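K.L.:
One line per chain: the protein sequences are U and P, in this order.
228 is the number that the numbering used here gives to position 227 of the first sequence; each next residue is one higher, with no gaps.
2 is the number that the numbering used here gives to position 1 of the second sequence; each next residue is one higher, with no gaps.
Hints listed in this document are in silico derivations from the structure and should not be mistaken for laboratory results.
Any given hint could turn out to be false.
Note that identical chains are pooled: a pair holds if it fits in a single copy or bridges any two copies.
Straight-line alpha carbon distances no greater than 27 Å define the calculated DSSO-like cross-link-like pairs of lysine-lysine that follow [stated by the list, open to error]: (1) K165 to K281; (2) K16 to K76; (3) K281 to K293; (4) K423 to K187; (5) K423 to K45; (6) K281 to K24; (7) K165 to K151; (8) K151 to K215; (9) K281 to K45; (10) K423 to K281; (11) K165 to K293; (12) K13 to K293; (13) K306 to K293; (14) K76 to K24; (15) K76 to K423; (16) K306 to K45.
These numbers come from a predicted model, not from an experiment.
There are 2 protein chains.
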Amino acid sequence: MTEELDLIQLAKSAKDAGYALAKATTEQKNHALMCIADALMAHKDELLRANQADLDEARANGTSEALLDRINLQKRLDGIINDIRTVASLPDPVGRVIEERVLPNGLRVSRRRTPIGVIGVIYEARPNVTIDIAVLSLKSGNACILRGGKDILRSNMAIIAVMKQAIIQSGLPADAVQLIASTDRKYVGEMLELHDYIDMIIPRGGADLHRFCKENSTIPVITGGVGICHLYVDESADVMSALEVIYNAKTSRPSVCNALDTVLVHHNMASAVLPRLVDKLYPAGVEFRAEKRAMTYIQDLCYAKIVPAGDDDFDTEWMALILGLKVVDSLDEAMAHIRQHSLGHSDGILTQNAEHAERFLNEVDSSAVFWNASTRFNDGGALGLGAEVAISTQKLHARGPMALEELTTYKWVVIGEGHIRK
Amino acid sequence: MTEELDLIQLAKSAKDAGYALAKATTEQKNHALMCIADALMAHKDELLRANQADLDEARANGTSEALLDRINLQKRLDGIINDIRTVASLPDPVGRVIEERVLPNGLRVSRRRTPIGVIGVIYEARPNVTIDIAVLSLKSGNACILRGGKDILRSNMAIIAVMKQAIIQSGLPADAVQLIASTDRKYVGEMLELHDYIDMIIPRGGADLHRFCKENSTIPVITGGVGICHLYVDESADVMSALEVIYNAKTSRPSVCNALDTVLVHHNMASAVLPRLVDKLYPAGVEFRAEKRAMTYIQDLCYAKIVPAGDDDFDTEWMALILGLKVVDSLDEAMAHIRQHSLGHSDGILTQNAEHAERFLNEVDSSAVFWNASTRFNDGGALGLGAEVAISTQKLHARGPMALEELTTYKWVVIGEGHIRK
Numbered sequence: 002m003t004e005e006l007d008l009i010q011l012a013k014s015a016k017d018a019g020y021a022l023a024k025a026t027t028e029q030k031n032h033a034l035m036c037i038a039d040a041l042m043a044h045k046d047e048l049l050r051a052n053q054a055d056l057d058e059a060r061a062n063g064t065s066e067a068l069l070d071r072i073n074l075q076k077r078l079d080g081i082i083n084d085i086r087t088v089a090s091l092p093d094p095v096g097r098v099i100e101e102r103v104l105p106n107g108l109r110v111s112r113r114r115t116p117i118g119v120i121g122v123i124y125e126a127r128p129n130v131t132i133d134i135a136v137l138s139l140k141s142g143n144a145c146i147l148r149g150g151k152d153i154l155r156s157n158m159a160i161i162a163v164m165k166q167a168i169i170q171s172g173l174p175a176d177a178v179q180l181i182a183s184t185d186r187k188y189v190g191e192m193l194e195l196h197d198y199i200d201m202i203i204p205r206g207g208a209d210l211h212r213f214c215k216e217n218s219t220i221p222v223i224t225g226g227v228g229i230c231h232l233y234v235d236e237s238a239d240v241m242s243a244l245e246v247i248y249n250a251k252t253s254r255p256s257v258c259n260a261l262d263t264v265l266v267h268h269n270m271a272s273a274v275l276p277r278l279v280d281k282l283y284p285a286g287v288e289f290r291a292e293k294r295a296m297t298y299i300q301d302l303c304y305a306k307i308v309p310a311g312d313d314d315f316d317t318e319w320m321a322l323i324l325g326l327k328v329v330d331s332l333d334e335a336m337a338h339i340r341q342h343s344l345g346h347s348d349g350i351l352t353q354n355a356e357h358a359e360r361f362l363n364e365v366d367s368s369a370v371f372w373n374a375s376t377r378f379n380d381g382g383a384l385g386l387g388a389e390v391a392i393s394t395q396k397l398h399a400r401g402p403m404a405l406e407e408l409t410t411y412k413w414v415v416i417g418e419g420h421i422r423k
Numbered sequence: 002m003t004e005e006l007d008l009i010q011l012a013k014s015a016k017d018a019g020y021a022l023a024k025a026t027t028e029q030k031n032h033a034l035m036c037i038a039d040a041l042m043a044h045k046d047e048l049l050r051a052n053q054a055d056l057d058e059a060r061a062n063g064t065s066e067a068l069l070d071r072i073n074l075q076k077r078l079d080g081i082i083n084d085i086r087t088v089a090s091l092p093d094p095v096g097r098v099i100e101e102r103v104l105p106n107g108l109r110v111s112r113r114r115t116p117i118g119v120i121g122v123i124y125e126a127r128p129n130v131t132i133d134i135a136v137l138s139l140k141s142g143n144a145c146i147l148r149g150g151k152d153i154l155r156s157n158m159a160i161i162a163v164m165k166q167a168i169i170q171s172g173l174p175a176d177a178v179q180l181i182a183s184t185d186r187k188y189v190g191e192m193l194e195l196h197d198y199i200d201m202i203i204p205r206g207g208a209d210l211h212r213f214c215k216e217n218s219t220i221p222v223i224t225g226g227v228g229i230c231h232l233y234v235d236e237s238a239d240v241m242s243a244l245e246v247i248y249n250a251k252t253s254r255p256s257v258c259n260a261l262d263t264v265l266v267h268h269n270m271a272s273a274v275l276p277r278l279v280d281k282l283y284p285a286g287v288e289f290r291a292e293k294r295a296m297t298y299i300q301d302l303c304y305a306k307i308v309p310a311g312d313d314d315f316d317t318e319w320m321a322l323i324l325g326l327k328v329v330d331s332l333d334e335a336m337a338h339i340r341q342h343s344l345g346h347s348d349g350i351l352t353q354n355a356e357h358a359e360r361f362l363n364e365v366d367s368s369a370v371f372w373n374a375s376t377r378f379n380d381g382g383a384l385g386l387g388a389e390v391a392i393s394t395q396k397l398h399a400r401g402p403m404a405l406e407e408l409t410t411y412k413w414v415v416i417g418e419g420h421i422r423k
């Protein structure tokens with residue numbers, strides 16, 4: 002594991018494989034995906050043994066149960082392999098014509114979707130990401146270079162060995178999928194400077210990883226995956242429906258980035274909403290951080306855990322069963338709060354006032370904005386994309402859920418008959 | 002001019018102005034553009050005096066005629082002001098719906114175009130860029146922060162003062178257009194780290210500026226504007242048409258990034274094409290850098306300046322009346338040469354063989370690829386976009402000519418009726 006890696010050589014061979022992959026037909030790529038699915042299934046025992054070794058070491062190191070669960074492939078592998086077959090069934094974005102027209106001078110101009118080239122992905126202790134990203138990259142004609150967390154190195158090495166074998170068998174270049182097989186963190190820094198070979202970096206992990214990549218990469222980085230998500234209960238909200246949406250957004254999966262962090266309530270709704278909200282959410286184990294005014298409506302509900310909101314509470318992504326509560330005097334105050342505290346991930350309004358909804362949807366500048374729907378829908382699968390690479394909260398290239406199309410770029414194709422520019 | 006600037010304050014006020022601008026209607030933005038055009042016209046004498054002072058100082062410093070020409074607004078200002086009225090007439094990309102559908106669960110999902118926020122532009126001695134970028138940013142609902150070359154500071158300060166006055170008069174916030182009014186280069190580095198306020202950096206200048214931005218920015222950078230452009234004369238090219246296209250691509254404006262740098266000729270065409278090519282181009286003042294084999298076809302044409310190609314010649318963007326010449330044995334060899342030497346800007350094939358053309362258009366990975374047309378068409382105006390901010394050769398966000406739409410991003414808009422994620 003301390004062997005020196007030649008990252009430039011690895012990246013060069015990924016780039017060359019990317020050229021070959023860019024020319025591959027949809028049939029060839031789908032065939033490769035089916036070979037990968039079959040091979041992972043055939044080598045399941047071997048993969049799970051490697052994964053067990055990672056789990057054993059992590060447990061011996063005192064790793065938390067939550068992290069062990071992320072590392073664990075044992076119950077998840079069949080589902081992941083099934084997902085590969087789903088990706089094979091999705092339409093291929095490569096070659097799609099975006100726009101086509103004939104200019105007045107007769108020049109035929111179009112834009113065609115092409116693969117980006119080489120995608121670099123840096124992630125943590127989730128071996129499922131290794132398979133996901135390799136498969137989505139391959140389908141979209143891109144090579145990928147993967148750097149997973151140190152806790153899953155054995156799992157990743159086993160997975161990649163099986164995948165490479167399957168890719169060769171399918172007739173495509175095995176170098177299309179590359180693993181940085183080392184736990185040494187120096188390679189992350191090196192990887193971020195390989196702009197001659199890598200075209201895009203996708204970090205998948207917490208805010209620190211995203212910040213590190215943004216500050217140290219000379220390659221374009223897709224940042225995201227971190228959200229402080231708001232729902233604003235407007236004056237005219239349907240109370241029962243609002244409570245259902247809030248319950249879903251907070252409790253259905255509290256550790257993910259589109260989970261709710263803060264509820265803002267119009268003062269005219271505070272007495273109708275806040276006590277009921279506490280009543281509905283506390284049995285699910287939710288604790289509350291209430292700003293002073295919100296507190297006045299719920300301080301008597303002593304069966305629930307309600308704490309006064311501290312200075313940083315409205316700037317915290319909870320990732321847990323905690324919910325911030327605040328009373329506001331208007332839609333404008335709600336939007337101002339969101340502008341100040343949101344990270345531009347997922348924010349919504351609960352209202353029956355279409356004019357207020359339209360203002361909110363237009364003026365709140367987040368990757369996804371919601372009207373009478375749970376923030377949990379900001380997800381590639383839930384929005385109908387069929388897959389997800391990441392959720393971007395930056396504004397260039399792709400915003401919100403990224404799927405196959407977001408792993409492509411385009412080129413201008415210009416066809417003339419000896420046309421010259423006057 | 003040595004006064005300290007508070008860049009963070011400047012960027013913050015740009016960001017706030019951006020929020021206001023994002024809400025502005027198309028009518029408000031177009032009205033502001035017309036106010037700007039009128040104000041620049043009304044203050045023409047004042048602007049030209051400031052520009053003359055820049056010109057006088059630059060001339061006293063021994064600045065080259067080519068650079069003086071770039072600085073000079075005297076003959077250009079009327080045209081630039083006219084262009085502002087044209088931008089006002091272009092469609093507004095903001096608010097456009099990209100895709101709209103109803104999911105099986107009834108959720109209404111669409112993507113709406115929104116401004117990016119704050120655009121930072123770093124450029125050299127071209128005061129026309131100041132007006133261009135400010136106008137295109139405003140039309141697309143973005144604030145901008147401009148840092149032009151030291152040689153045009155007086156021109157820029159005069160232009161910006163007039164524009165700000167006009168923007169105020171139109172009812173939009175003057176802070177939407179910000180100038181870094183200093184010649185101190187340290188502000189370029191500071192600007193590149195203001196990722197909390199600036200959403201996108203567009204460098205407009207040479208390769209060194211692009212490299213500097215890429216390596217020092219924590220903000221996404223649009224690199225481009227530098228090209229080593231190729232035309233490949235295939236076995237079945239129409240010789241006369243090929244010569245016209247090559248002539249146009251090389252001589253119509255040799256100092257721009259889409260000008261031709263290298264001609265590759267299939268060996269079966271070498272004797273028909275190369276001597277005629279020299280004959281046609283040398284009267285326009287073109288010099289040639291010929292690889293060994295190409296040289297054998299033209300070495301007797303002693304009236305033309307033909308030099309053996311040196312080691313770096315095929316990796317040089319000439320920006321001048323110089324043309325590299327090379328004979329290749331096949332389409333594949335031509336594409337391999339392009340892969341190795343192109344910077345992914347503009348590359349084309351001249352052929353009557355549709356199969357070869359299709360392979361070239363698919364496999365050459367440049368921002369624009371051409372079949373029987375001049376590389377000079379890689380330009381926003383020439384491709385029908387009505388405007389141009391820059392030409393991108395990177396693969397994320399936008400590739401090739403960038404116009405108003407490329408100054409926007411999108412948000413997901415999700416509308417439910419109390420929808421929760423199961």
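K.L.:
So, for every hint listed, does it hold in this structure?
P.N.:
Tested hints:
{"no.": "1", "hint": "K165 to K281", "result": "neither (50 Å within a copy, 53 Å between copies)"}
{"no.": "2", "hint": "K16 to K76", "result": "neither (34 Å within a copy, 48 Å between copies)"}
{"no.": "3", "hint": "K281 to K293", "result": "within (21 Å within a copy, 82 Å between copies)"}
{"no.": "4", "hint": "K423 to K187", "result": "neither (53 Å within a copy, 41 Å between copies)"}
{"no.": "5", "hint": "K423 to K45", "result": "neither (64 Å within a copy, 30 Å between copies)"}
{"no.": "6", "hint": "K281 to K24", "result": "neither (55 Å within a copy, 37 Å between copies)"}
{"no.": "7", "hint": "K165 to K151", "result": "within (21 Å within a copy, 54 Å between copies)"}
{"no.": "8", "hint": "K151 to K215", "result": "within (21 Å within a copy, 29 Å between copies)"}
{"no.": "9", "hint": "K281 to K45", "result": "neither (43 Å within a copy, 67 Å between copies)"}
{"no.": "10", "hint": "K423 to K281", "result": "between (71 Å within a copy, 18 Å between copies)"}
{"no.": "11", "hint": "K165 to K293", "result": "neither (58 Å within a copy, 42 Å between copies)"}
{"no.": "12", "hint": "K13 to K293", "result": "neither (58 Å within a copy, 29 Å between copies)"}
{"no.": "13", "hint": "K306 to K293", "result": "within (15 Å within a copy, 83 Å between copies)"}
{"no.": "14", "hint": "K76 to K24", "result": "neither (36 Å within a copy, 49 Å between copies)"}
{"no.": "15", "hint": "K76 to K423", "result": "between (65 Å within a copy, 21 Å between copies)"}
{"no.": "16", "hint": "K306 to K45", "result": "neither (45 Å within a copy, 68 Å between copies)"}
The structure fails to meet hints 1, 2, 4, 5, 6, 9, 11, 12, 14 and 16 from the earlier list, while all remaining hints are met.
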